[in-house]
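Work out the full structure: start from the sequences and follow the hints.
Number of protein chains: 2
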Amino acid sequence: MKFIAVLTLLLLNACFLFAQKTFTVSSPSSSVLLQVSQKVDGSLYYAVKFKRKNVIIPSMLGLKFSNPAVTLSAFQITSVDSLTKNETWKPVWGETSSIRNHYKELKLTLIEKSGSDIQVTITFRVFNDGVGFRYEFPQQPNLNHFILADELTQFALTGDHKTFWIPGDYDSNEYLYNTSRLSEIDALTASTQEPDIAVKSVFDANAVQTPLMMKSADGLYISLHEAALINYPAMNLVLDKKNFTFTTHLVPDAAGNKAYLQTPARTPWRTILISDKATDILDSKMILNLNDPSVIDDPSWIKPQKFIGVWWEMHIGKGTWDLASGKHAANTENVKRYIDFASRFGFDGVLVEGWNVGWEDWFGNWKENVFDFITPYSDYDIQYLTAYAKQKGVRIIMHHETSGSVTNYERWMEKAYQYMVDHDMNAVKTGYVGKIIPRGEHHDGQWMVNHYQRVAEKTASYKIMLDAHEPVRSTGLHRTYPNWLASEAARGSEFNNAGKLGMTPEHTTILPFTRLLGGPMDFTPGLFHLQLNQFEKNRTQRVRSTLAKQLALYITMYSPLQMAADLPENYEKYLDAFQFIVDVPVDWDDSRTLEGEPGDFITIVRKAKGKDDWYLGAITDENSRSLKITLDFLETGRKYEAFIYRDSEKADWETNPESYTIEKRVVTSKTKLNIWLANGGGCAIRIIMLPK
Amino acid sequence: MKFIAVLTLLLLNACFLFAQKTFTVSSPSSSVLLQVSQKVDGSLYYAVKFKRKNVIIPSMLGLKFSNPAVTLSAFQITSVDSLTKNETWKPVWGETSSIRNHYKELKLTLIEKSGSDIQVTITFRVFNDGVGFRYEFPQQPNLNHFILADELTQFALTGDHKTFWIPGDYDSNEYLYNTSRLSEIDALTASTQEPDIAVKSVFDANAVQTPLMMKSADGLYISLHEAALINYPAMNLVLDKKNFTFTTHLVPDAAGNKAYLQTPARTPWRTILISDKATDILDSKMILNLNDPSVIDDPSWIKPQKFIGVWWEMHIGKGTWDLASGKHAANTENVKRYIDFASRFGFDGVLVEGWNVGWEDWFGNWKENVFDFITPYSDYDIQYLTAYAKQKGVRIIMHHETSGSVTNYERWMEKAYQYMVDHDMNAVKTGYVGKIIPRGEHHDGQWMVNHYQRVAEKTASYKIMLDAHEPVRSTGLHRTYPNWLASEAARGSEFNNAGKLGMTPEHTTILPFTRLLGGPMDFTPGLFHLQLNQFEKNRTQRVRSTLAKQLALYITMYSPLQMAADLPENYEKYLDAFQFIVDVPVDWDDSRTLEGEPGDFITIVRKAKGKDDWYLGAITDENSRSLKITLDFLETGRKYEAFIYRDSEKADWETNPESYTIEKRVVTSKTKLNIWLANGGGCAIRIIMLPK
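The listed protein sequences derive, respectively, from chains D and A. Numbering follows the numbering used here, with no gaps: position 598 of the first sequence is 598. Numbering follows the numbering used here, with no gaps: position 463 of the second sequence is 463.
It should be emphasised that the hints constitute simulated quantities derived from the structure, not laboratory data. In this text, all values refer to a predicted model and were calculated from it rather than measured experimentally. Worth double-checking, as some hints may not be accurate.
Any copy will do: because identical chains look the same in the list, a pair fits if it lies in one copy or spans two.
Below, simulated DSS-like cross-link-like pairs (lysine-lysine); rule was C-alpha separation at most 27 Å, straight line [what the hints assert, rightly or not]:
| no. | residue 1 | residue 2 |
| --- | --- | --- |
| 1 | 611 | 670 |
| 2 | 367 | 64 |
| 3 | 367 | 415 |
| 4 | 415 | 463 |
Printed below as a string of structure tokens:
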């Protein structure tokens with residue numbers, strides 16, 4: 001118990017609430033310091049410092065049950081345990097081939113003091129880049145089933161930080177990020193500015209979602225989030241603007257309860273990620289480390305992959321999901337064209353949306369029986385296309401839009417997965433557009449959290465990979481369920497066609513600091529046709545990016561599942577630039593963030609899995625910028641050929657977005673590149689080791 | 001349009017609300033008269049008379065939508081259609097081998113007047129014993145999806161009738177019947193007196209359930225109920241005691257809505273059953289006639305049947321459902337004993353409750369994942385017992401207790417039914433003891449109504465017969481789904497072991513006038529061990545019946561599925577009386593109620609299917625009575641042997657319940673029997689045609 005200093009202060013002071021005991025744990029490198037203190041009344045507070053700077057000042061720990069009706073806010077400490085863990089593990093796929101898990105742990109075993117005798121353990125893990133803690137309820141005589149009314153955990157901050165936030169919401173995480181001081185958070189106003197989000201449930205003007213990114217006046221980057229969200233509702237945070245303290249607000253169920261739990265039970269980890277370097281935030285593996293290891297014994301069937309899809313053409317109004325319109329996109333001929341294109345350029349999959357009957361009446365009416373997930377439209381010859389795709393070495397990716405009717409999906413689920421197996425499909429994109437059925441449940445409540453997990457488990461049992469759209473935000477569960485390749489769970493590229501706010505150039509510089517900290521996002525980059533033309537009368541918004549930036553996103557928006565989102569005919573126009581998408585890998589041995597600032601820019605370099613090749617992506621917001629990159633990550637003494645896809649000198653996301661330059665040159669670890677990024681621009685570089 | 005008299009009154013009166021138009025329809029025999037009137041403001045009212053006596057005085061028709069937000073209470077009448085139907089149809093099984101469906105129909109096609117242009121049709125069917133009407137929404141330009149906020153249908157009665165009621169409740173129909181004046185209805189007090197009902201949701205002191213039986217001061221028997229409850233919540237009735245008017249109150253969902261509908265849509269039939277003879281109420285087929293014909297093309301696999309079961313021994317504490325107690329009843333040896341007993345006496349089935357793992361923690365905690373319906377307890381050798389039962393010519397009846405966790409049941413349902421087929425079972429008893437999951441839904445709401453129907457359809461697809469416990473009350477759907485043999489949906493025999501109110505002697509004289517009007521009940525009669533003994537420490541209540549009455553219930557409580565509820569060892573003590581249960585059929589060519597008075601007594605006689613044998617059952621409440629029965633239903637000129645199972649002269653449900661006499665005599669159609677029923681007693685008679 002070397003690293004825990006127990007201070008018994010017991011000050012003979014008029015104020016009984018002064019700290020009585022304090023437990024202090026520092027991280028392995030001593031960068032992060034956790035202090036847990038107990039007041040005389042038994043209440044517990046935790047505080048976190050980073051390099052001696054306060055990050056979290058004393059903040060309450062506790063929970064409130066509705067059944068039994070007990071508030072767990074004052075405790076007797078029955079034991080204090082500690083350990084140090086230092087291990088390395090290998091993910092099935094990821095940004096790096098191995099991950100170090102190094103922390104010191106403090107475990108407080110507590111008895112609730114008011115007479116309930118309920119036992120709870122709070123486990124803290126202190127990493128060099130942050131802290132995670134959770135509540136655990138062991139099996140015990142005085143507690144079996146219980147219902148959670150509220151979690152009382154607080155996060156008291158040191159000041160009016162700059163923050164990158166979206167409204168707290170029970171149903172949607174598809175908001176554009178707002179950048180403001182904490183004191184300027186206004187979730188209600190932000191929500192009313194978002195007419196394009198299908199289902200919104202904002203509940204408090206001061207509420208925000210996690211992952212929440214902040215930057216303090218003294219230069220610290222702080223992210224609040226959670227890890228391993230299992231059998232529990234998602235956490236929102238409600239700000240007390242007087243003292244800059246966030247309190248957890250869990251997503252309720254139809255009855256107003258927060259969670260139904262049974263011992264042994266545990267909450268997700270509450271996480272505080274901290275650094276004085278923004279790049280460390282992007283490179284952190286803390287959330288993954290706080291998740292359980294993979295439950296899939298033989299993951300050999302799980303393959304990171306790239307795909308194209310019958311999808312964007314519906315968004316821009318060229319085709320439709322439904323058949324009745326007369327413009328049905330998922331018809332045999334059109335899908336055959338996509339399969340041909342995928343095969344020609346080595347894509348693994350072709351997503352086909354709108355393949356199944358039901359789209360004529362699928363949305364907006366809380367309708368329960370919409371799709372059956374096994375009945376194709378009459379113009380979609382699935383037998384023929386299955387055989388054709390197989391012959392072409394491509395797999396069709398299944399689409400299961402539930403329209404939020406989850407009871408219906410659960411009824412069809414097993415038949416639907418068997419249907420996939422029968423048709424040679426091993427990846428599914430799920431969707432939850434609409435109000436949830438069971439009615440009264442929310443996308444981010446405990447029941448739906450359990451549903452998403454059930455889908456991950458059930459698909460795994462059929463050896464199916466999963467890409468969930470409109471689910472709860474990611475919390476690192478792709479470690480435990482590596483078949484769950486990616487989720488949407490944020491505003492993705494589809495909002496490039498959304499009306500009012502759309503997709504700003506800065507959005508992609510914020511997502512890696514927020515949403516992506518929880519796990520891969522199916523952002524669907526790769527749009528090449530960026531301005532509107534006369535055939536796109538349905539479009540209300542254009543793509544606010546340069547073409548070169550679209551390439552860079554394949555590096556800066558990490559995912560083992562990457563779409564090339566645009567239409568084949570648009571790629572045909574720029575096949576030289578498209579080559580980067582053809583070449584870019586989706587699995588990596590190493591990844592390093594070279595520079596970054598949320599809301600401004602990001603430059604990341606990654607090393608291809610099992611190869612000596614590197615790929616660099618650099619993006620900027622609406623402002624142009626010049627990069628100086630030293631390629632010192634390359635092996636010294638070796639030569640490489642670099643293929644540089646960059647904005648041309650005339651490029652600008654507003655006036656000239658499709659103007660790019662491709663340059664080829666030999667580089668070494670000593671090369672310094674000067675790269676100019678246009679307004680809303682980016683740069684992608686492929687660096688291939690040359691033979692000796 | 002012969003039988004409809006249209007009266008345009010348009011009185012030049014200060015009161016604009018006076019009737020403008022009246023449509024009058026009389027029943028085929030003219031016993032029932034329906035009048036539908038429209039006031040100047042467009043509102044519609046209906047009234048019903050029986051043999052010139054008012055039954056329903058002008059009562060409002062209408063509905064209120066929450067989306068679109070329209071109240072449908074004033075209409076323009078666009079067409080008036082009528083027809084007469086006179087047909088005879090044959091049920092798959094039933095109380096009679098054929099049923100006459102004879103009514104006159106009035107169909108008003110209406111346009112809502114406030115500007116919505118919503119079209120609704122109200123269809124009235126006028127039978128000789130009552131009226132049914134429903135609202136129908138055809139496909140139309142101005143209405144597709146809609147959400148029902150309330151149904152506004154009223155039933156205005158003529159006075160402070162005597163009524164047999166149970167509290168209006170969203171979740172339970174297992175109340176003991178109260179007998180009072182309408183003005184004395186007090187649902188809240190009645191509910192608080194029922195500690196033995198697992199889940200109660202009483203919502204209004206003046207609310208009652210249907211079927212609601214009433215008797216007017218002028219001698220009319222009136223029953224309010226509904227028929228063909230499909231895709232709609234159950235109807236409760238809330239009384240305005242000032243004017244004795246009931247208004248419908250539909251069971252809400254988790255969001256507070258009543259129903260989600262899409263055109264074409266229709267409500268259940270609202271039914272008013274009327275007679276001046278109580279016996280006509282019991283013989284009415286109106287509710288069956290208002291249901292759709294069978295959807296099962298080949299019903300040859302559906303078999304009315306008798307069964308015994310491992311069930312009552314758990315209720316009385318001899319055994320348990322769970323294994324951990326050490327008294328697990330559903331063990332291989334014990335079930336083998338039941339199979340032997342069933343085989344010896346020709347029973348079709350053996351119900352086995354507590355066969356599957358999960359009973360150690362199944363109730364009371366709104367727990368979602370309780371049972372999987374396919375995993376037997378370790379001491380239950382299902383392979384062996386399946387083979388053993390087959391060899392003995394008996395089938396095991398499956399038990400699916402869901403504990404109210406319906407999302408879980410729906411996930412397992414198909415596997416569970418396949419498991420039944422794989423184990424030679426073709427009948428299932430379902431159970432819904434507990435608060436419903438999806439949380440916030442109720443047993444009697446639209447979502448659950450759809451679930452029960454889904455179970456009926458899904459079991460039918462596996463050729464499985466259904467016996468639903470704790471479902472919504474029956475509304476005649478056994479015509480449409482004849483595999484749905486019976487439901488509980490009321491206080492059954494199990495309450496003979498319930499603490500406070502238990503099961504009164506009069507309860508079984510009320511059930512046929514209330515709950516059973518909707519369809520067969522799995523009441524589980526046949527208890528022979530009626531007083532407590534020293535081994536029954538768990539019991540808090542004894543059986544309030546004589547043994548002879550237990551036999552009579554097989555006739556008076558019609559069901560194609562009848563249990564012999566007591567333990568084999570209790571039947572062994574009274575094998576001579578048990579012979580009646582062995583002999584009594586469960587399917588009939590004819591049935592006639594000879595006499596009856598709700599709350600007092602019932603005598604019914606039935607003719608065995610395809611035979612010349614008759615069976616008579618007579619029961620009384622807590623008061624003894626003398627019956628004089630003329631056997632004029634027998635074929636004239638033929639001799640019969642009658643086996644009379646009656647209370648002995650010393651019998652009394654309280655002091656001497658197991659005292660009975662069995663008498664054998666030759667009878668003819670001219671025979672007059674004098675039968676004495678003890679307090680809480682009854683009589684059962686088997687009458688076999690003798691050879692010429």
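- Query: Within a copy, between copies, both or neither: where do residue 367 and residue 64 come within 27 Å Cα-Cα?
  - Reply: Result: close only across copies, 19 Å inter versus 35 Å intra.
- Query: Should residue 367 paired with residue 415 be assigned to within, between, both, or neither, using CA atoms and 27 Å as the limit?
  - Reply: Both: 21 Å inside a copy, 26 Å across copies.
- Query: For the identical chains here, do residue 611 and residue 670 meet the 27 Å Cα criterion within one copy, between copies, both, or neither?
  - Reply: This pair counts as within: shortest intra-copy Cα distance 20 Å, inter-copy 103 Å.
- Task: Tell me, please, which holds for residue 415 and residue 463 at an alpha-carbon limit of 27 Å: within, between, both or neither?
- Result: Both: 14 Å inside a copy, 20 Å across copies.
No hint from the list above goes unmet by this structure.
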